[in-house]
Amino acid sequence: MGALNDRRPKRLKPGYARLLVIAGMLLVWEVGARFFADPLFASPPSAAFLALGGLFADPKIVHAIEITIFEMVAAFVMAVALGLSIGLAVGLQGFTKAAVMPIVLLLYTIPQATLLPLFVLSFGIGPEAKIAFGVSQSIFPVIITTVAGVANLRPALLTAARSMGASRLQIFSAIVFPHMIPSFFTGMRIAMTAVLLGVLLAELYVSTAGIGYYTRLFAQTFKPAELFALIAVLATIAVTLNELCRMAERHFSRWQYAGA
Amino acid sequence: MTFPLRLRLLLIQLGVLLAVLATWYAATLPGGINHLLLPAPAPVFKDFGVLLTTGSIWPDLFVTVFEWIVAFAIAAVAGSVIGYLVSLTPYTVEVFDPLFAGLYSIPAILLFPLYLLFFGLGPASKIALGTTIAFFPIVLNTIAGLSCVDRAYITAARSMGANGLQLFWSVMLPAAFPVILTGARLGGVIAFLAILGGETISSLAGLGHRIVSLAENMDTEQMFANILFAVVLAVIINVTVSFAESRGKRWAH
Chain P
1 MGALNDRRPK
11 RLKPGYARLL
21 VIAGMLLVWE
31 VGARFFADPL
41 FASPPSAAFL
51 ALGGLFADPK
61 IVHAIEITIF
71 EMVAAFVMAV
81 ALGLSIGLAV
91 GLQGFTKAAV
101 MPIVLLLYTI
111 PQATLLPLFV
121 LSFGIGPEAK
131 IAFGVSQSIF
141 PVIITTVAGV
151 ANLRPALLTA
161 ARSMGASRLQ
171 IFSAIVFPHM
181 IPSFFTGMRI
191 AMTAVLLGVL
201 LAELYVSTAG
211 IGYYTRLFAQ
221 TFKPAELFAL
231 IAVLATIAVT
241 LNELCRMAER
251 HFSRWQYAGA
Chain A
1001 MTFPLRLRLL
1011 LIQLGVLLAV
1021 LATWYAATLP
1031 GGINHLLLPA
1041 PAPVFKDFGV
1051 LLTTGSIWPD
1061 LFVTVFEWIV
1071 AFAIAAVAGS
1081 VIGYLVSLTP
1091 YTVEVFDPLF
1101 AGLYSIPAIL
1111 LFPLYLLFFG
1121 LGPASKIALG
1131 TTIAFFPIVL
1141 NTIAGLSCVD
1151 RAYITAARSM
1161 GANGLQLFWS
1171 VMLPAAFPVI
1181 LTGARLGGVI
1191 AFLAILGGET
1201 ISSLAGLGHR
1211 IVSLAENMDT
1221 EQMFANILFA
1231 VVLAVIINVT
1241 VSFAESRGKR
1251 WAH
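Chains P and A are the protein sequences, given in the same order.
Sequential numbering from 1 applies to the first sequence in our numbering.
Sequential numbering from 1001 applies to the second sequence in our numbering.
Quick caveat, the hints were computed from the structure, so don't treat them as lab data.
Using N, Cα and C, we set each Cβ at its ideal position, and we do this for glycine too.
Treat the hints with care, as some may be off.
Covered by chain P, according to a simulated footprint, are these stretches of chain A (three or more residues, beta-carbon under 8 angstroms) [claimed, not checked]:
hint : stretch
1    : 1009 to 1015
2    : 1065 to 1079
3    : 1111 to 1119
4    : 1143 to 1155
5    : 1204 to 1212
6    : 1245 to 1251
Let the hints inform the model, and build the full structure from the sequences given.
In structure tokens:
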């Protein structure tokens, strides 16, 4: 084995090479923004990094970031709770499934961004509209994956449980719920992506104190360093929330495969 | 009363559709929901008809479709070329694939304020947004498709004396094509939605712009008719790209 490895050219571990690529991209950006770009429009990453301190020193901006995180979490929790209940109510019965699923799929194809003004008309320009829009973006994947999760339930399991005298609650907790867990977490992951998109879209559309207001302010007053820094903060929040969902999905689907 | 299953499903769905329309109508009767929030169904469908016959929507439709096509074309070319270059060695796949996947999990809509700053309110900022959002599924699926081609095929082609171009054209591409097409479909659909979203936030023309200005003028009947149009367009785009995908896959086999 050793001899084989020695014949290959020595290479950096992929992880380190990836870091080098990222560092190289930042360097190109730094040089490009510092020497070639208009400082009113682009800022080097070092300036954006320094602007982070200023962002976190302003209690109004910190508050706006907190509100955005609250909107995302609230919308996600509501979408999952509502989507799960609707998905179970619809998916466990043949009739409701046949009746309701086409409507759900139809609603899912609506380009929802065009409905944003309606959400503002109904819920105002505060956090409620952002939460409602986040919910409406993300509830459909939860319903669809929940229905799919209970759809391929083996009927033999249900018959067996019933013939052994299991109650409805016992059937749900011992058979239906464990069976749908992997697809449920897949739905949660897709829902999180949709929540992030929905809340950010609504924030950018209209906002008087949230992060949408500050991105607009920084862009219009030509403060690219602050704008880049704020976008970086939001990207970090989004990646963290996404990664949490992905970890939950990996964890729980492994558990299902081990049990199957 | 024993209908065949398909017919019974169709009847249920028709019944539900009628029930939805009836609820919509009932909700807009006097004493119901304010017409500024939910207009009655009849005027909406009438406005939709007017929209189709007068063609007042074409200029805005043209802007949106133009932005979509340009964004998709740039993303498709950039994504497949970069994906091809990355897939050339397993090492570059290991370096770049997680990098693209990581960037993909950042909501691209966050870049829109920057694009507005760089490219202005016109179509360019929407094209940039659509390109960014469509690039990642295309590049990731190109890498996945090309790097997962069975090694045995490549060895066989090489031992039969295929040169690089022949290897790519007759072995790699057909084997990877279905996966790449799936990425292209996904990229195309989300680029369209992102462009509509971008137009809703800030723009000078386009379907999203039209719907928002109708909403801001409280002309909800017209607005619903335009939303209906956008829905129909989204369905047509979905069906078209899915059809193109399945045709393309059949070509590859």
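Looking back at the numbered hints, which does the structure fail to meet, lowest number first? 2, 4, 6
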